[in-house]
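Student: Each chain, written out:
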Amino acid sequence: MAGRVIVITSGKGGVGKTTTSANIGTALAKEGYKVVLIDTDLGLRNLDLLLGLENRIVYTIVDVIEERCKLKQALVKDKKNPNLSLLAAAQTRDKSAVNAEQLKEICDKLKEKNDFVLVDCPAGIEQGFQNAIAGASEAIVVTTPEMSAIRDADRIIGLLNTKEEITSTRLLLNRVRPNLIKNNEMMSVDDVVGILEIPLLGIIPEDTGIITSTNKGEPIVNDEHSLAGQAYRNIAKRTLGEEVPFLDLDEPKGIVAKIKNVFAKLKAKV
Amino acid sequence: MGLLTDFYNTVAKFFRPQEEIVDEASKSVATNRLKLVLMQDRTNLTPKILEQMRGELVDLLSKYLEMDKELLELNFEQEGDQVALMLSIPVIRAKDEEEIEKAIAEAAEKKAEEAVAEDEGSEEEETEETNEDSESENEDLEEEVAEAETVEESEVSEEIESVSEDMEVDANSEPVPTKTNSVKKVEKDLKESTKV
Chain A
1 MAGRVIVITS
11 GKGGVGKTTT
21 SANIGTALAK
31 EGYKVVLIDT
41 DLGLRNLDLL
51 LGLENRIVYT
61 IVDVIEERCK
71 LKQALVKDKK
81 NPNLSLLAAA
91 QTRDKSAVNA
101 EQLKEICDKL
111 KEKNDFVLVD
121 CPAGIEQGFQ
131 NAIAGASEAI
141 VVTTPEMSAI
151 RDADRIIGLL
161 NTKEEITSTR
171 LLLNRVRPNL
181 IKNNEMMSVD
191 DVVGILEIPL
201 LGIIPEDTGI
211 ITSTNKGEPI
221 VNDEHSLAGQ
231 AYRNIAKRTL
241 GEEVPFLDLD
251 EPKGIVAKIK
261 NVFAKLKAKV
Chain B
1 MGLLTDFYNT
11 VAKFFRPQEE
21 IVDEASKSVA
31 TNRLKLVLMQ
41 DRTNLTPKIL
51 EQMRGELVDL
61 LSKYLEMDKE
71 LLELNFEQEG
81 DQVALMLSIP
91 VIRAKDEEEI
101 EKAIAEAAEK
111 KAEEAVAEDE
121 GSEEEETEET
131 NEDSESENED
141 LEEEVAEAET
151 VEESEVSEEI
161 ESVSEDMEVD
171 ANSEPVPTKT
181 NSVKKVEKDL
191 KESTKV
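Protein chains in written order, with this note's numbering: chain A, 1 to 270; chain B, 1 to 196.
Don't read these hints as lab results, they were simulated from the structure. Any given hint could be a false lead.
[What the hints assert, rightly or not] Restraint ranges, calculated between C-beta atoms of paired labels, are given here:
no., chain 1, residue 1, chain 2, residue 2, range
1, B, Asn32, A, Ile125, 22 to 30 Å
2, A, Gly13, B, Ser28, 22 to 30 Å
3, A, Glu165, B, Pro47, 31 to 39 Å
4, A, Phe246, B, Leu71, 35 to 43 Å
5, A, Lys163, B, Glu99, 54 to 62 Å
6, A, Ser148, B, Val116, 48 to 56 Å
7, A, Asp248, B, Asn32, 55 to 63 Å
8, A, His225, B, Arg33, 35 to 43 Å
Glycine residues also receive a C-beta, built at the ideal position from the N, C-alpha and C atoms.
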């Protein structure tokens, strides 16, 4: 079996890479696929917290690389879903503790026995980023409809484009607030896609449920009633090749408001 | 002045919000700022270079048109893989043939003077020195710009020159197909004229 290695990256910090990794990973595992999540954010690990696995980590990726344990020993199984496991980052080391080749080797080994290897990339474009993308053949770029996040995403997309091994780069637009978009106070999905010009994988609405789910260490995809959870489940399906329509966040009212806005502008000009 | 009426129609087509509209949605402010900054990120065209390019375009176009230099807008826009240079010039009036010839002659004279000054070596008048300085700077700029695989100024200038000439002859001069790959088109938005 040769699984798919997908890196989840963004450039800017705090846009939801780790939340996305945890949720897509969990959703894919729920669909019955074998998934490994790798946290490559050495020194600032968090994926374990989001999965509620922080107390179970014995070995980390650095232990594997420095051969203090077998790769299999370092994989922590998820509490609920045996299909999902985590390879945690070392908290006491920094990004220079591993190099790109070592990470690629780990990805290559893991994809032999898993359907998906999801690599949670650290923020930035330095060593940590280079390490994280080393073994990947696909990328998900996470961004929010904010200028700084989009600018950084654009930079990341440029870097990913120079790497031949990565054959697919798709966009995940996180923390979308339909209310603000309606009032023209936030860039719309179309605006962002128009600027970054990569295929859209999914849209996640801003959801306070993310906070409580993080508090509990329980990815929001497990909450059947959450809109963000639904959006992540859809993304997992699209990753599997299914065609799922994007969640309709714009109510008809949005169009009316837009037209009104146009008239308001015309009036101002006259 | 049918020429200007035609251009006025073009205005309506490409009308963009101006500064005096205070309640412009913050979203479009963000989109526009972002587009500009990304263009700079992607091409290494710094604001300084853009400003210089703008200045040279103003000089060139001044030969043919009387325009509101303060309101001239120079922007890049992305269309698919291609980048378009959008130039928006509020034209006050088109110059007549005589004036144009005079301006061209003046420019040629200036150029000749510069060439002479260069030949003569280091002892020039202050004004000539400035001219030479700015010219060598321009050469640097051209190299840099070409390196960034975007717009090579001289070609842009050619394009614009041809546009301007068209305007004299034919009022229907619309977006002009360009020879360069990077500059897809140079569109001219003509805004309100004071002497229609």
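Student: Hints first: check each against the structure and report whether it holds.
Tutor: Each hint tested on the structure:
1. For the hinted restraint 22 to 30 Å between Asn32(B) and Ile125(A), the CB-CB distance of approximately 25 Å keeps it satisfied.
2. Our hint of 22 to 30 Å for Gly13(A) and Ser28(B) holds, since their Cβ atoms are close to 27 Å apart.
3. Remark: the range hint 31 to 39 Å for Glu165(A) to Pro47(B) is upheld by a beta-carbon distance near 36 Å.
4. A hinted range of 35 to 43 Å for the beta carbons of Phe246(A) and Leu71(B) is consistent with their spacing of about 40 Å.
5. Taking 54 to 62 Å as the suggested C-beta distance range, the pair Lys163(A) and Glu99(B) conforms, at roughly 56 Å.
6. One distance hint, 48 to 56 Å for the beta-carbon pair Ser148(A) and Val116(B), holds here, with the actual separation near 52 Å.
7. For the pair Asp248(A) and Asn32(B), the supplied restraint of 55 to 63 Å is violated, since their beta-carbon distance comes to about 27 Å.
8. Range check, His225(A) to Arg33(B): Cβ separation about 38 Å, and the 35 to 43 Å hint holds.
Checked against the numbered hints given earlier, this structure breaks only hint 7.
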